[in-house]
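Turn these sequences into a full structure, and let the hints steer you where they fit.
These protein sequence lines map, in sequence, to chains A and B.
First residue of the first sequence? That's 1 in the working numbering, and the numbers climb one at a time after it.
First residue of the second sequence? That's 1 in the working numbering, and the numbers climb one at a time after it.
Do not take every clue at face value.
Here are the simulated lysine-lysine pairs, BS3-like style, with alpha carbons at most 30 Å apart [said to hold, decoys possible]:
no.: 1; chain 1: A; residue 1: 115; chain 2: B; residue 2: 34
no.: 2; chain 1: A; residue 1: 214; chain 2: B; residue 2: 266
no.: 3; chain 1: A; residue 1: 135; chain 2: A; residue 2: 118
no.: 4; chain 1: A; residue 1: 29; chain 2: A; residue 2: 223
no.: 5; chain 1: B; residue 1: 34; chain 2: A; residue 2: 142
no.: 6; chain 1: B; residue 1: 34; chain 2: A; residue 2: 71
no.: 7; chain 1: A; residue 1: 110; chain 2: B; residue 2: 212
no.: 8; chain 1: A; residue 1: 184; chain 2: A; residue 2: 156
no.: 9; chain 1: B; residue 1: 266; chain 2: A; residue 2: 142
Simulated from the structure, these hints should not be mistaken for lab results.
This one's a predicted model, so the numbers in the text were calculated from it and none came from an experiment.
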Amino acid sequence: MNDLIIIAENLTKTFGDFTAVNNISFAVKTGEIFAFLGPNGAGKTTTIKMLTTLLSPTSGFVEVDGHSSVKQQDEVRHSFGIVFQDPSLDDELTAFENMEFHGVLYSVPKDLRQKRIKEMFDLVDLWDRRDELVKNYSGGMKRRLEIARGLLHHPKILFLDEPTLGLDPQTRNHIWSYLKELNKNEKLTIFFTTHYMGEVEKTANTVAIIDQGKIIVAASPEKIIADNGVATLEEAFLKLTGNVIRDESVSGVDRLRSHRKMWRR
Amino acid sequence: MSLLVALTAYAAIAKCGGAKYMNAIYILWLRQLKRYSRSRARIIGSLGQPLLFFIAFGFGFGPIYSKAGAGNYLEFLGPGVITMAIVFTAMFAGIEVIWDRQFGFLKETLVAPVSRFNIMLGRTIGGATVAVIQGGVVFVLALIIGFRPTNLAYLPFAFIFMFLIATFYTAFGTAIASRLQDMQAFPLIMNFLVMPMVFLSSALFPLAGLPKAIEIISRANPLTYGVDGLRWALDGQSFFSPLIDFSVLSVFTLIVLAIGSYLFSKIEI
Numbered sequence: 001m002n003d004l005i006i007i008a009e010n011l012t013k014t015f016g017d018f019t020a021v022n023n024i025s026f027a028v029k030t031g032e033i034f035a036f037l038g039p040n041g042a043g044k045t046t047t048i049k050m051l052t053t054l055l056s057p058t059s060g061f062v063e064v065d066g067h068s069s070v071k072q073q074d075e076v077r078h079s080f081g082i083v084f085q086d087p088s089l090d091d092e093l094t095a096f097e098n099m100e101f102h103g104v105l106y107s108v109p110k111d112l113r114q115k116r117i118k119e120m121f122d123l124v125d126l127w128d129r130r131d132e133l134v135k136n137y138s139g140g141m142k143r144r145l146e147i148a149r150g151l152l153h154h155p156k157i158l159f160l161d162e163p164t165l166g167l168d169p170q171t172r173n174h175i176w177s178y179l180k181e182l183n184k185n186e187k188l189t190i191f192f193t194t195h196y197m198g199e200v201e202k203t204a205n206t207v208a209i210i211d212q213g214k215i216i217v218a219a220s221p222e223k224i225i226a227d228n229g230v231a232t233l234e235e236a237f238l239k240l241t242g243n244v245i246r247d248e249s250v251s252g253v254d255r256l257r258s259h260r261k262m263w264r265r
Numbered sequence: 001m002s003l004l005v006a007l008t009a010y011a012a013i014a015k016c017g018g019a020k021y022m023n024a025i026y027i028l029w030l031r032q033l034k035r036y037s038r039s040r041a042r043i044i045g046s047l048g049q050p051l052l053f054f055i056a057f058g059f060g061f062g063p064i065y066s067k068a069g070a071g072n073y074l075e076f077l078g079p080g081v082i083t084m085a086i087v088f089t090a091m092f093a094g095i096e097v098i099w100d101r102q103f104g105f106l107k108e109t110l111v112a113p114v115s116r117f118n119i120m121l122g123r124t125i126g127g128a129t130v131a132v133i134q135g136g137v138v139f140v141l142a143l144i145i146g147f148r149p150t151n152l153a154y155l156p157f158a159f160i161f162m163f164l165i166a167t168f169y170t171a172f173g174t175a176i177a178s179r180l181q182d183m184q185a186f187p188l189i190m191n192f193l194v195m196p197m198v199f200l201s202s203a204l205f206p207l208a209g210l211p212k213a214i215e216i217i218s219r220a221n222p223l224t225y226g227v228d229g230l231r232w233a234l235d236g237q238s239f240f241s242p243l244i245d246f247s248v249l250s251v252f253t254l255i256v257l258a259i260g261s262y263l264f265s266k267i268e269i
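Structure, rendered in structure tokens:
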């Protein structure tokens with residue numbers, strides 16, 4: 001049980017002059033719920049992209065489920081599911097087709113696929129609207145569909161990049177209780193980012209706080225609260241990362257700009 | 001025809017739950033078809049240009065062409081306009097990678113446990129199928145306008161050439177799109193790369209008797225062999241031998257598929 005399922009060592013990612021992730025190291029144990037916290041633009045999404053083979057690190061070492069995210073991408077991709085921060089659905093397909101597409105890509109056998117798809121639609125309460133084109137869905141519905149899709153193939157690790165953003169408390173609680181059950185029964189490892197500290201206190205075994213590309217603390221939420229002599233994780237978070245409001249996160253557009261600069265040189 | 005057989009075989013293998021990579025290729029193919037069949041405005045809109053070419057060029061240059069003793073221009077133009085329709089549809093299907101990147105769907109396929117090569121292949125076959133269907137629609141349009149193929153028994157060969165052209169340009173579009181972040185460069189590519197290839201491919205005028213420089217450019221243009229092969233299959237006339245057309249175009253297609261899948265595999269989000 002103490003196996004490490006995710007290992008990052010001296011991980012760095014730079015875009016042109018900007019260092020998004022600066023020499024971070026951490027490890028996630030198999031079967032734990034790991035919260036990756038930080039203010040906007042701290043490097044959370046970039047780190048997740050490096051773990052999930054979408055970006056290659058500038059330097060450092062990443063291992064997911066015993067395989068290198070750089071050299072053994074196919075093996076790594078077998079091991080996880082992910083819910084991205086920004087939308088990743090095909091708007092021109094129906095909700096059901098999006099799920100079906102995902103199930104086939106992850107080679108979930110047909111019978112099981114049908115069963116799971118129904119189960120997942122029920123979880124997020126969208127079964128009645130499964131045949132609508134996703135472009136007609138509201139923001140919250142799309143979010144729910146993405147969570148359902150990320151869980152469809154029962155991965156070993158689930159990456160959730162601000163999964164509950166824009167969801168009402170009912171749906172958030174509902175989804176979290178399902179996730180905790182999966183975590184308990186199937187040893188699903190969950191790696192998630194969020195800005196809802198309450199969510200973290202209730203669910204996470206380990207919390208890592210990243211700020212300006214560096215990890216400033218990694219411990220259990222109770223320990224972080226106790227060490228900082230505060231009452232809640234939110235207070236600890238503010239104490240550790242300061243009260244200054246950060247620049248917007250490095251959006252796609254900003255990255256395009258820095259890409260373009262690189263091209264011009 | 002051979003295309004349909006190949007696709008049916010694909011689908012059959014995929015449905016039997018054969019190799020799982022077949023399933024992945026199949027679902028990517030199916031996605032392209034669904035998207036195409038749902039975009040009726042696009043299908044109808046994309047008929048405007050071929051129609052314009054048939055009317056403006058076919059009827060406009062027809063009399064001069066026959067006065068020059070070269071025969072029926074509409075017969076000559078038919079394969080050229082069908083090719084154009086295929087090229088534009090295929091190019092657009094390839095370039096769709098950029099849309100998928102912007103709308104986020106590309107991520108979903110890139111983190112899936114399917115090799116990038118198979119993803120690229122599924123997309124390309126899907127895009128090529130859509131382009132061939134579009135070519136078929138323009139073929140029917142040509143028939144309505146008065147185009148007559150010389151020998152219907154050669155239609156399967158016409159389909160082979162159509163499919164090759166479609167595959168080449170879908171892969172070509174994918175290769176380019178893999179290196180682009182947004183659609184801003186798209187008009188540039190169409191005007192400086194794709195349009196010249198179309199115009200210097202004998203789609204609109206015969207190769208025989210061209211100035212040497214233009215002829216050399218035309219001979220280096222992969223599309224020339226596509227148009228020539230299609231014209232052989234539909235009109236029974238060609239500049240090169242159909243075997244040369246087929247071989248050259250196949251080699252070009254394989255090369256661009258290889259480059260495309262390499263560039264696609266290097267995409268970072």
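Structure-based check of all given hints:
The hinted pair formed by residue 115 (chain A) and residue 34 (chain B) meets the criterion: a straight-line CA distance of about 24 Å does not exceed 30 Å. Taking the CA atoms of residue 214 (chain A) and residue 266 (chain B), the gap is near 27 Å; set against the 30 Å cutoff, the hint holds. Annotation: proposed proximity of residue 135 (chain A) to residue 118 (chain A) holds, straight-line Cα distance about 21 Å (limit 30 Å). Under the criterion of a C-alpha separation no larger than 30 Å, the hint pairing residue 29 (chain A) with residue 223 (chain A) is consistent with the structure, at around 17 Å.
At roughly 20 Å between alpha-carbon atoms, residue 34 (chain B) and residue 142 (chain A) fall within 30 Å of each other, so this suggested pair holds. For the suggested pair residue 34 (chain B) and residue 71 (chain A), the alpha carbons sit about 35 Å apart, so the restraint of at most 30 Å is broken. A distance of roughly 60 Å separates the Cα atoms of residue 110 (chain A) and residue 212 (chain B); the hinted pair therefore is violated under the 30 Å criterion. The straight-line distance between the Cα atoms of residue 184 (chain A) and residue 156 (chain A) is roughly 12 Å, inside the 30 Å bound, and the hint therefore holds.
With a CA separation close to 29 Å, the supplied pair residue 266 (chain B) and residue 142 (chain A) stays within the 30 Å bound.
The structure is inconsistent with the numbered hints 6 and 7, although it conforms to all the rest.
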